[in-house]
Amino acid sequence: MSKLIKDKVLADNEWTVINEGDSTAAGQKSILPLSDFIALAEKNEVDFNTQACWLGAADEAELLAPYIKDLQLIGLNFTAFMDGRSFSQARTLREHLDFAGELRAIGYFIQDQMFYLTRCGVNAFEIPDDADIESLQRSLTDFSESYQAACDEPQPLYRRRV
Amino acid sequence: MYVYDEHDRNIVKERVEQFRRQTNRYLDGKLKEEEFLPLRLQNGLYIQRLAPMLRIAVPYGMLNAPQLRKLAHVARHYDKGYCHFTTRQNIQYNWPALEEVPDILDELAEVEMHAIQTSGNCIRNVTSDQFAGVARDEIIDPRPYCEIIRQWSTFHPEFAFLPRKFKIAVSGSESDRAAIRFHDIGLQLVQNESGATGFKVLVGGGLGRTPVIGSVVREYLPEKDILTYLEAILRIYNLHGRRDNKYKARIKILVKAMGVEEFTSRVEKEWERICDSQMLLTDKEINRAKSFFTRPQYEELNEAEESQLLIGLAEKEKGFKDWLQHNVSSHKVDGYRAVTLSFKATGIPPGDVTDKQLEALADLSERYSFGEVRATHQQNMVLADVKAHDLYDLWMELRPLGFATANIGTLNDMICCPGGDFCSLANAKSIPIAEAIQREFDDLDYLYDLGKIELNISGCMNACGHHHIGHIGVLGVDKKGEEFYQVQLGGVQGNDAALGKVLGPSFSGHEMPQVIRKLIDTFVDNRTQDEEFIDTYRRIGIDPFKERVYVKAN
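If you're matching them up, the sequences are chains A and B in order. At position 123 of the first sequence the residue is numbered 122 (numbering that gives the first Met the number 0), and the sequence of numbers has no breaks. At position 394 of the second sequence the residue is numbered 393 (numbering that gives the first Met the number 0), and the sequence of numbers has no breaks.
So here's chain A without its partners, still in its complex pose (with noise of 0.2 Å):
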């Protein structure tokens, strides 16, 4: 299972993703694709202990709506990094939505976006087991200061300054 890290530390990951047309093994917790997380929940036989739901790029946010009081976690999977679908995906589910579970980085996205992630609500991230820990955490806090209000910082500087 692929190392995660949750609000800024090494945590363990009890979630496995689950790829479009797997199967999930009996008791795992998984986050399901958002079609099969659909097809569950219509049928009102989610189980929200056990399993979670994650978002391509190109799905939408809204349509997680009627769970997302429900949902521990939400997967926002990168099939590619320069695809920045996810952080508007994260803004809309964190600020419109107004989840307030898991939202997980999934897939491949590098270190150096973990700072605009986190700042559109991204609050955990799988990384690869050979990812350099230290370095990694470094970019989270690229920046101690920030111009627009988001996620992290519910005022812009503007409304800041003194």
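There may be inaccurate statements among the hints.
What the hints assert, rightly or not - Pairs of lysine-lysine, BS3-like flavour, derived with a Cα cap of 27 Å:
(1) B/Lys-245 <-> B/Lys-164
(2) B/Lys-255 <-> B/Lys-268
(3) B/Lys-386 <-> B/Lys-331
(4) B/Lys-12 <-> A/Lys-7
(5) A/Lys-5 <-> B/Lys-31
(6) A/Lys-2 <-> B/Lys-29
(7) B/Lys-500 <-> B/Lys-245
(8) B/Lys-545 <-> A/Lys-7
(9) B/Lys-428 <-> B/Lys-79
(10) B/Lys-268 <-> A/Lys-68
(11) A/Lys-5 <-> B/Lys-29
(12) A/Lys-7 <-> B/Lys-31
(13) B/Lys-428 <-> B/Lys-245
(14) A/Lys-68 <-> A/Lys-5
(15) B/Lys-451 <-> B/Lys-478
(16) A/Lys-28 <-> A/Lys-5
(17) B/Lys-31 <-> A/Lys-2
(18) B/Lys-545 <-> B/Lys-517
No lab work stands behind these hints, which were simulated from the structure alone. Nothing here was measured: the structure is a model prediction, and the numbers come from that model.
Fit chain B to the known structure of chain A by using the hints.
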């Protein structure tokens, strides 16, 4: 001019440190080439044909004397003693060493400069009118709003990996000198019936492969709503812009595909959700931004006396008279003028400037213009606040520096990208074409008779030389490994913006001076009295030009 506080300084300093770590990881083999690519681009660093190229941001074109001296220092110590002003008011160094770039950024940070977001698929440097704050036709000074937008867009966490680059321009005057109709977002400052300040918002303009004139999505947006509205536009673009084909990834393609109405309605819907968020601007912030762009300590001068003096001097010396007529503009304050320094002396690549020239410019700005200069998107430089009675002395000092060529607004004041001599994207060279045309038209009086003609040259369809919006546009193309040049006519960049039309089959480089000569002859033969080139073209159409240029030799 905007002055950094501790927050701004800290942010730029942390950026330099971040980039140093990224560069070290790359050089240590810990960061892959393709992963370093967007990181270095967002720091303005390209790997070019001959060496890396570093693009430095000049926010909305404003520079002060210490910054000019620092740019000279960087040119001398890290480059070959010169740099280049671009068509987006930025500066490029063509010969820096990759491993020294963090040091260069460190040096620039000392004078509140940086290379943040000067390339890459993010929000780029905000551009504006070089006569901001001094133009007679100004409605509202755009610079405070440019600065507010600069800060908002700097390290915006959501919009650093857009489908493609994103450019914003702001105009505050009646006559658009910032080409706002050819930007991803163009903002025109306006006042409504009750005198309140706001913006007319245009989206989806651009040049490049698919040139498009921007569409109005909002006739009036109150000033305080600007950041939330920009955020809504960018979010819709980030989520829905095409990512499968980089040539179809700009917002102009999305707006065309969706239709302006549908696009606008999505933006408005998104905006309604965030319009009263904390990103709503405050009076305090608008006033803070405005406090950096106050009226300098102008002297009280008598306009009639000052102009009388100039008329007298001009009568005595034709060179001065020509310069006054072509390179000097009116000013909103009595007795003052704005001076455009020509970076278009024949034989010098348009926009290029040496370390010594930069230092001389710094001195001149301090002695004649409150220590500030502005870069123009036509690749010239402006001293915006010169006393009329100082103009003669200034002219005398500019001449030996090579900045006094009295050709602003003429055919020879051409916009020209670095082209195939430097740029790895280029299909053809552009600088030698510019020079050959300048040599063909070496008689200034003849150029003056021709009146205002805008000639823009791009070395490839990325259109950094804005060829689509030149009255005469030249585009370098590659045909089976050979360089050819396509000619377009009828482009216009201002309020009555228009895209040029292709004249016909392309020409080889050595034919170009004669092709331009034939176009000009056609104009001269057809023009009525003092009619301008573009008006003649609009009246007679493209055919007479085509016939003259493509007539078979018999």
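Do the hints match the structure? See the list:
1. B/Lys-245 <-> B/Lys-164: holds, 10 Å
2. B/Lys-255 <-> B/Lys-268: holds, 19 Å
3. B/Lys-386 <-> B/Lys-331: holds, 12 Å
4. B/Lys-12 <-> A/Lys-7: holds, 23 Å
5. A/Lys-5 <-> B/Lys-31: holds, 25 Å
6. A/Lys-2 <-> B/Lys-29: holds, 19 Å
7. B/Lys-500 <-> B/Lys-245: With Cα atoms ~24 Å apart, B/Lys-500 and B/Lys-245 stay inside 27 Å; holds.
8. B/Lys-545 <-> A/Lys-7: violated, 66 Å
9. B/Lys-428 <-> B/Lys-79: holds, 20 Å
10. B/Lys-268 <-> A/Lys-68: holds, 24 Å
11. A/Lys-5 <-> B/Lys-29: The hint holds at about 23 Å.
12. A/Lys-7 <-> B/Lys-31: Holds. A/Lys-7 to B/Lys-31 sits at ~24 Å (cutoff 27 Å).
13. B/Lys-428 <-> B/Lys-245: holds, 24 Å
14. A/Lys-68 <-> A/Lys-5: holds, 20 Å
15. B/Lys-451 <-> B/Lys-478: With Cα atoms ~32 Å apart, B/Lys-451 and B/Lys-478 exceed 27 Å; violated.
16. A/Lys-28 <-> A/Lys-5: Roughly 17 Å separates the two Cα atoms, so the pair holds.
17. B/Lys-31 <-> A/Lys-2: holds, 21 Å
18. B/Lys-545 <-> B/Lys-517: OK: B/Lys-545 and B/Lys-517 at ~10 Å, within 27 Å.
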